[in-house]
Every structure is written in C-alpha cells, then in structure tokens.
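Quick mapping for you: the protein sequence lines, in order, are chains B and P.
With the working numbering applied, the first sequence covers 985 to 1200.
With the working numbering applied, the second sequence covers 1420 to 1682.
What the hints contain is simulated information worked out from the structure, not anything from laboratory work.
Misleading hints may appear alongside valid ones.
Claimed, not checked - With the C-beta cut set under 8 Å, the calculated list includes, among others, these residues of chain B facing chain P: (1) L996; (2) E1003; (3) L1009; (4) I1043; (5) P1057; (6) P1081; (7) A1122.
Claimed, not checked - Derived coverage of chain P by chain B (criterion: at least 3 residues anywhere in the stretch with Cβ under 8 Å from a Cβ of chain B; other residues may be distant): (8) 1504-1512; (9) 1563-1576; (10) 1614-1628; (11) 1633-1647.
We put the CB at the ideal spot given by N, CA and C, even for glycine.
Chain residues, written in single-letter form:
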Amino acid sequence: MIALLPGESRALFPRLADEMYDLRLSAARARLDRPLGAVSRLSVVDYFDSLDPLYVLAINDAERIVGALRLLPTTGVTMLNDAFAASAPQSLRIESPLIWEASGLSLEAIENCQAQEKIIDRAVGEIGVALNEIAQAAALTHVIGVFDSGAHRLLSFRGCAGETLTPPMSLDGEEICVALYEVGAAMDAQFSYLAGADACRLVNLANLESARFRGR
Amino acid sequence: MYCEDVFDLIDRLARADRRSILNSFLDEFLRATDLADVAYVAFNLLTGVVGRPLLSAACGPSWRKLHVQSGRVDLGPLLRAGLGGIAPVRWGALERDDPIIRKLLGEALELDVDSNGVSIPLRGCDGEYALFSVCVRGSGASEMSRHAVTRRLMIASAIFHAMVRRGSSARDSRSDQLMDRELACLRLKALRKTDDEIGLAIGASSSAARFWMETARARLDAPTVDAAVQKAVGTGSMWRGAEPPCPSFEPIRLAASIDWRER
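The shape of chain P in the complex, shown without the other chains (with noise of 0.2 Å):
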C-alpha cells in the first residue's frame, strides 16, 4: 500500500457517514429475532450512491453505548477476531494470549455481554467482506445444542446481511426467483410430504431434496424450510404455473414475526 493510499484512506474514515439505517436495520433485526448484543461490520458493501463506502457498521445497545462514551469505534478486536475467514469463530477458541482478543472479551464483560459468543464472516455476491458478531448468552441458546445454534445464528447473519443489501443497495443483484427444483419440492413440502417422499417425486435423494429446499429456504431469506414454504404461499409464487392441489387448500398464515422452530 502506498503513502497515499494509507492518508486517504484515513481521510475516507473520518468522513464516513454515520450510517444510522444500519442501526435501524439492526434494532428491528434484534426485536423480530430476540437477540441481543449483537455487532456488524461490512466492508465494500454496495449501495446506491457513487463509490462503495469502505465501512458499514451496526452495533447494539450495549455496545453503541460504549462507543459513545469512549468516542471511537475500535475495529481491532472485530477484525481479528475473524474478518476474511469463512468458517464461524467461538469466541472461547480464540487466543486469549492475543492483547487484541484480550480487549475485545474485556469490553465484552466491561459491558456486561459476557464473553461467550460467535462471530461469523460473511461474503457477499458483490465482493464485500462482513462480520457479524453476537452473545449467545440468552435467547433460548441453553436449550438448544451448540450446533443448532450455531445454524441459527448462521441463517440468522445473513438474513440481517441481505436485510443490509436490500436497503442500502439500489439494486439487488440477488434472484430471488425461485428455481423448478425449489418450487417442486417446497410445494410437496406443503402438501407434507417426506423428505424421501419430495426426493422421490423428483427423481433424487432425500439429501437432495433437503438441498433444494435449503436454497429455497435461503432465497427467500426465510428463517426454516416452514417459514419459506408459508412466505412463498403469502407471496403466491408457491403455485404459479401450478395448480394448487385441490380448492379447499388454504393457504398457511404467514408469520408475523421471525420464527426461529427447527424444521
């Protein structure tokens, strides 16, 4: 990196803009999901206006609060902490030799997040980079395996991700047209049909028919394969080109906020 390209990109930073819509995208994300303490932070994220901002960045309460009091955003500990990874990162396997990990788990307790949490790394179809960062203490995580929360909070990253795209992008690059494969097997999911049923009626493998209904669940950026199939019956696309199977089906309610069942 050059000279200049460092000054400049200090000058880019210090006139960053405050993105406060991230917040607001964050706290409704919070409410529908019943999170708490959560952190996000996106680099080269596309948006509408001319040349990408460098950084996006979202906090909760907590966390916001102690960025105001202290007057800056350190991004040290986030960056470290698994920006350019791809694979999920507990907080308890990090190095807490590292001075930097030791700061992050410290703010952490100082602000009474505990310091048990997942930071997951994002990518984006456009090239950007996030991370998203939240506590697991809580929100019914002791009930749950570690796995199911990890899974959890891994759909649940990249629904606020998209939620992100969605609002800050003038276009979205994503389809979110549902494939022949998708709408087959989400419709004999309504009909509840088996796994191995859905695979059979495709001419595949059960495992295959949990694929098709997994990239449906994420194209819709449904929370469970349940909650894809009632939002592509809301949105009726579930039956275009397609009869529905006979004239008393009634369409399932959708749901008026996340529903994080296990499908």
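If we strip away everything but chain B, and leave its shape as in the complex, we get (with noise of 0.2 Å):
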C-alpha cells in the first residue's frame, strides 16, 4: 500500500512523520553499519526536507511504514544541484519542470534484507509505481534518483537503479549515485513486477495517523 504525505501537511500527521524519519535513521544505522546512538535523528533529517517535498510512503500489511522516498521539483533547491555542486562534474545543474528528484530512499531493515526480502522487493516496487504514477500524472518526463550506494545496490539487485547518469559522487563520505527515469510504460515495467497485484492501493494518511494515535 501506498500513502502519500505532502511535506506542508507533516504537522497535520506528526506520528506519521515521525516514523518516517524513525525509518530514515534505522537505515542510516545499518547502512552506515555503526552503533545505536552514533547516528541521530537530527543528522538524517536535512535541508531538503524542510522544503516541503512529497513523501511516497509504501504501508505494509500491519500499517507500518516499510520504505519512504522523498520527491522535489528540479526547478527548486535539490540535492544534485546544490548538495554536490562542489564536486559535480562540469556544473552539472539539471533544471526543467518535467523532471523532479527522488532522494532519501529509505527501506526497512535495510542490512537485513535476506530475512525481509519479499517486504523489501514489494515496498521498492510500490515506491517505484507509485513514483511513476505521480510523474504521470505531473506530466513528467523524467525522474532522477539520487541514492546512496546502499540503496543503489538494492536497486540493481532488482533490475531497477535506471540508467546511470553521472559517476557516482561523495558526500560526507558516502558513496551517492545519480539514476534516470524516464516516465512510462517502461519504468513502471521495472517495477511492477515486484509491486504485485493490488499492492499499490493509495491509504488514507488520517486513517494511519489516527491509527498511531490509538497506539496500533
């Protein structure tokens, strides 16, 4: 399942976003392979989360958030023209209305994947359905993906890290990998196929965030 949180309505479902970021920081834990405690919540919620980007949240079955992606127009500040602009090859500024950035993928228990395969594989098909869903429906051309080399690899693993576009580059040490989209029949092919049936179905974000705060 899939929800969608628009990044100025993150007050109106605090519980939501907050699990949201619970999430960002598990990952940045395992990824980073470093003990509770090393890594804060502060250090994985950045900059470009506080220009109201929109969240494609894939839900599981219990209504938890097992994978989140964030989307930002290119017009904007975004993490490849403005967190890299210092390394990037040849003033490398990608600006059009038709293609927006999708970074800060984060899947559940994201070292852990061997036991949570099938979860991992059916919350990274959502997330990319959903995704081209939304450029669609935007009228988009193109996406392109910002990961980090983790979510990158998981990606390849599964036939769907696009085409690269730039050599990866650094950021505060980590390895960040640049990917191409293009918005269709063929991205949505790539993903798809690990979605399964119905596993796309769009959930209410009131319904989840008063399911949190019942305490489910």
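Using the supplied hints, reconstruct the complex from the two chains, each of which is provided in its own coordinate frame.
Spelled out as structure tokens, the structure:
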C-alpha cells in the first residue's frame, strides 16, 4: 500500500512523519554499520526536508512504514544541484519543470534484507510504481534518482536502478549514485513485477495517523 | 510566529508595491501563448532591491477587474489551492466542501472564467515559491489530451516564472549556457536524427537523449525541443566550438512568438 505525505502537511500527521524519520534513521544506522546512538535523527533530517517535498511511503499489511522516498522539483533547490555543486562534473545543473528529483530512499532493515526480502521487494516495487504514476499525473518526462550506494545496490539487484547519469559522487563520505528514469511504461515495467497485484492501493493519511494515535 | 511578526507582516503587505511590471509581463505572455485567465503569485522572489518583497502577484484582465471592483486581493483561495505543494492541482479535484475552495470556484464562475482550471506550484532555485493558476477552457485544450495540456501548462508556467525572475532580479543565478551533452543532442536534433540515433551518438539510451534535450529546452526557456533548436541556432550557440555540418546549412527561422506544437 502507498501513502502520499505532502511535506507541508507534516504538522497534521506528526506520528506518521516521526515514523518515517525513524525508518530513515534505522536505515542510516544499518548502512553506516554504526552502533545505536551513533547516528541521531538530526543527522538524517536534512535541509531538503525543510523544502516541503512530497513523500511517497510504502505501507505494509500491518500499516507500518517499510519504505520512504521524497520528491522535489528540479526547478527549485535539490540535492543534485545544490549539495553536489562543488563536486558535480562540468557544473552539472539539471533544471526543468518536467523533471523531478527522488532522494532519501529508505527501506526497512536495509542490512538484514535476506530475511525480509519479500517485504523489501514489495516496498521497492510499490514506491517505483507510485513514483511513475505521480510523475505521469504531473506530466513529467523524467525522474532523477539520487541514492546512496546501499540503496542503489539494492535497486541494481532487483533490476530497477535506472540508467546511470553521472559517475558516483561523494557527500559527507558517502558514495552517491545518480540514476535516470524515463516516465512511462518502461519505468512501470521495472517496478510493477516487484509490487505484486493490488499492492499499490492508496491509503488515507488520516486513517494511518489516527491508528498511530490509538497506539496501534 | 511572534505578535510583532504578524504586525510587521501586515505593515509590509500594506506597503507592498503594486508591481505593475508583473502585469505587463503577464499581458505579453498571454498574447504570446493564447492563454487567458491566468493568476500568478510568488513569495520571496529575488529582486534587485534591498530586501525581498514578500509577495509578488499578477492576474489576467478578468481577475484584475474583480480586484479593482472589490478593492482588495484575496489570496486565501490561491494559497489553499496548492502553494507549497509540488504537483499540479486540477481544480476539479479540489475538495468542494471546503468553503475557501467554494469561494475560489464561485469567483471564477462569477467572472465567467469557468471552474475548469489547473494550479501549478513553482519552486525557484533562490528559494522562492510561486503558484501559476490558469483556466484551461479554450486555447486549443479541447483537442489535446489532459496529459498534453498539463505538460504545456507546466512549461508555460516555468517560462513565465523565468521571465519574471529575469525582469525583477538584478542578477540571474541560472546559467543558460548549454552543457556539452545538451549541445550535442541539439546539434543532432537539428540534423533531424532520431532519438535512438542521438542516444547512440552520445553513448547513451534514447531516453537519456530525450532527457538532455529536455534540460536544454528548459535552459533556453523554449516551449518545445524544436523551438530550443531554433533558439540555439538563432543565438549562435549551437555551433560554438564546432563546425556546422555543411556550408549550405540554412539556419532555421526564429519563431515570432511561442509555438506550442508538440515536439
């Protein structure tokens, strides 16, 4: 299942937003192979989250967030254009109203994926299919994926890493890969076989938030 | 927000300039695009003057008439319609139970603007936010698919925002210099190569070729890739540092106005 959380509405759904950041934190801890406490939530919520991106959340059957991704238009401030300004090759600056940037891909237990492979497959598939649908509704031509090496590897294993746009770049000691997806049937095909039938049902944010409020 | 900030905000709003330059831009834009009934509002737009104006707005003639008659500009409906989001909002999909939305659509009907429109949120690289709302009645929209209309309006809104930025800013932080890949793709496009052939020539896929042509189109603020090719040829940037393919190559005539043909 999929939930779309507009960044400007985070204050209305605080528990959902907290859970999403917790997921990002646990993914960062696993990825960086560091003990609990070594990475704080502060370090995973970055400037780009303050720009009110659109969050795409993959929700499992127990209504927990198992995957998350954020979207920003490339006409505004983005990771590729602004975080890598110094290291990007040949002043790479991508700006188009028809191209958005997807970043901050976090998946549950990214390290322990063997046990949870099916959950991750489905989360990746659902996020990809939803991303393609959102992009089609917004009449976009392409989406640029800015992924850390762990997430990129995970997508590569599943055959949905897109087309490499630039050589890997470095940010705060982490290797970052930039992938290109063309919106349309080809992008849908990359992800839909992972998502499974009837997996991309849209979930109401208010229902998810109230379930968390009730302590489920 | 502190109380002082609220009063400061009201004071700034009261003293805000009527940026008539924006309305002239809009009128020129409406003439060029054959669009009508457009409203544009931008926050935190970078300008050459000290201190950014909090708000810049421009409206089509129908909306302007209403504002003059009522003696005020009500931004509530516009803000509720999508400022802050990133995806285009079709008015038909708005929650009609919301009194503010009802007011927006009611005003539109009152002005004979029609309640069928799209609001497109815009983000700028200097941190500005804007919202471009347009009624989609007419302007050839009936023959085009909804997807094509949305894409056309996304491009039109971005071009208008770029015009406003250039017109109101002392500097343009955007670089309109084409990247090598963009130039290569446009050159091949000018030679009437297919996307597959262009992709092959640059060592990438046809999808990547279309990507670089789209970024080139956006960088040149052209409405279509073909128009971007014409613009690059016209400005002389196309063959900079490279020889034209043959001496008899005829430059493509620059379009007199914005041409919205699908690429």
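Now for the hints, and whether the structure bears them out:
no.: 1; hint: L996; result: violated, 13 Å
no.: 2; hint: E1003; result: violated, 22 Å
no.: 3; hint: L1009; result: violated, 24 Å
no.: 4; hint: I1043; result: violated, 20 Å
no.: 5; hint: P1057; result: holds, 5 Å
no.: 6; hint: P1081; result: holds, 4 Å
no.: 7; hint: A1122; result: holds, 5 Å
no.: 8; hint: 1504-1512; result: holds (count 4)
no.: 9; hint: 1563-1576; result: holds (count 7)
no.: 10; hint: 1614-1628; result: holds (count 4)
no.: 11; hint: 1633-1647; result: holds (count 5)
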